Amino acid sequence: MSKIDVNQLEEGNLKIEVVDSPEGVRMKIAGSIEMQNPRSIISPYFDDVHNKILSSKIKLIEIDITELQFMNSSGIGTFIKWFVKIPPLTDEEKYQVKIIYNRNISWHTKGLAPLLSLAKGQIDLVESKG
Amino acid sequence: MTINSNGIDISQYEGFIELGFGQNWKFVPSIRTFIQNFIDIALGNASGADKISMASSEMIENAIKYSARDDVPITFRLLLARDSDEKQLIIEIQNYASDENVSILNNEVSKITKDSPYEAYLKKVEEIAGRDDGKTMLGLARIRYETECDLYTKIDKSLVTIGAKFSI
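Those protein sequences? They're chains W and D, same order as listed.
Our numbering applies: residue 1 is where the first sequence begins, and numbers increase by one.
Our numbering applies: residue 1 is where the second sequence begins, and numbers increase by one.
Hints were generated in silico from the structure; no laboratory data involved.
Bear in mind that the values here come from a model prediction, so they are computed numbers and not experimental data.
Do not take every clue at face value.
Claimed, not checked - Below, computed lysine to aspartate or glutamate pairings styled on EDC-like, alpha-carbon distance capped at 16 angstroms: (1) Lys26(D) / Glu11(W); (2) Lys110(W) / Glu146(D); (3) Lys165(D) / Glu146(D).
To be verified - Pulled a few chain D residues facing chain W out of the computed Cβ check, cut under 7 angstroms: (4) Trp25; (5) Lys26; (6) Pro29; (7) Asp50; (8) Met54; (9) Glu58; (10) Ala81; (11) Tyr121; (12) Leu122; (13) Val125; (14) Ile128; (15) Thr136; (16) Leu138; (17) Gly139; (18) Glu146.
Unchecked claim - Beta-carbon label-pair distances, calculated as ranges: (19) Lys3(W) / Arg69(D): 49 to 59 angstroms; (20) Ser11(D) / Glu127(W): 37 to 47 angstroms; (21) Asn7(W) / Asp115(D): 40 to 50 angstroms.
We put the CB at the ideal spot given by N, CA and C, even for glycine.
Next comes chain W alone, as it looks inside the complex (with noise of 0.2 angstroms):
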């Protein structure tokens, strides 16, 4: 049985899966978030993680973006009001967050930096060794 009961999320040719990782759970996101509005379609697939990971007291996400090719800014967008959850938890409910980026695509490298100011010091950038 996972740690968190998460359904896959599949629209388009984005996809999105969470597994089990030793250190608590990683989600993978594949192919690209470029719909007219991701709010509608991923915000209540975060907001089910979120949720998840505080009632399994998860200390740990990583989120793999190594196979993201492209997100618009609606779909930044679904980050932001993620992660600006994160620093009005308590101490004993506060998660890390990895973000696993891959350097030959050139928004991770730059893109992803100012979203680590929303919850400073719960967000990593890692890059990817593969």
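Knowing the structure of chain W, use the given hints to seat chain D on it.
Using the frame of chain W, we list chain D on its own:
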């Protein structure tokens, strides 16, 4: 000298494409891929192509969202300046917009160009964090920050042109 229907002397440019399209979101990914391939060939620079196609995509998405007339094509232009000391690539998007959206655009451009690209982007991220209406209006700040381009607007009554100049 060659003038096209928009009054642009295309003989001055090493590369020129102009696309007209309707307000149909489903074609945005295809247009982005086309632009990226075109720039790849024109510049032979995959990283540059990535950034410029992102900027193009964001501008096209905005035009589709905010265009006030579905009977007139939205126009996208890409111009590659001929060899000189500084090579330039210019992208432009043109559409008709309502008075309200013209005003919003002017406010947004004024806001984001007041600060450095990074500071402006950070402020937009923080603004979005506090909004509940689902709007981001992050696109232009993102273009400026990630590509370091010169952003400009031209407004002729309700005809809006947004452009970005990239030094190659």
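Okay, the hints, checked on the actual structure:
1. Lys26(D) / Glu11(W): Roughly 13 angstroms between the alpha carbons, so the hint for Lys26(D) and Glu11(W) holds.
2. Lys110(W) / Glu146(D): Holds. Lys110(W) to Glu146(D) sits at ~6 angstroms (cutoff 16 angstroms).
3. Lys165(D) / Glu146(D): holds, 13 angstroms
4. Trp25: holds, 5 angstroms
5. Lys26: violated, 9 angstroms
6. Pro29: Since chain W brings a Cβ to about 5 angstroms from Pro29(D), closer than 7 angstroms, the hint holds.
7. Asp50: Holds: closest Cβ of chain W sits about 4 angstroms from Asp50(D), inside 7 angstroms.
8. Met54: holds, 6 angstroms
9. Glu58: Nearest chain W Cβ about 6 angstroms off; hint holds.
10. Ala81: violated, 22 angstroms
11. Tyr121: holds, 6 angstroms
12. Leu122: At 5 angstroms from the nearest chain W Cβ, Leu122(D) passes the 7 angstroms test, so the hint holds.
13. Val125: This interface hint holds because 5 angstroms falls under the 7 angstroms limit.
14. Ile128: holds, 5 angstroms
15. Thr136: Check passed: Cβ of Thr136(D) comes within 4 angstroms of chain W, closer than 7 angstroms.
16. Leu138: It holds, given that the least Cβ distance between Leu138(D) and chain W is near 4 angstroms, below 7 angstroms.
17. Gly139: holds, 4 angstroms
18. Glu146: Glu146(D) check passes; min Cβ-Cβ to chain W is 5 angstroms, inside 7 angstroms.
19. Lys3(W) / Arg69(D): 49 to 59 angstroms: holds, 51 angstroms
20. Ser11(D) / Glu127(W): 37 to 47 angstroms: Holds, at about 45 angstroms.
21. Asn7(W) / Asp115(D): 40 to 50 angstroms: Holds, since Asn7(W) and Asp115(D) (Cβ atoms, about 41 angstroms apart) stay within the stated range.
Hint compliance for this structure: hints 5 and 10 are broken, all remaining hints hold.
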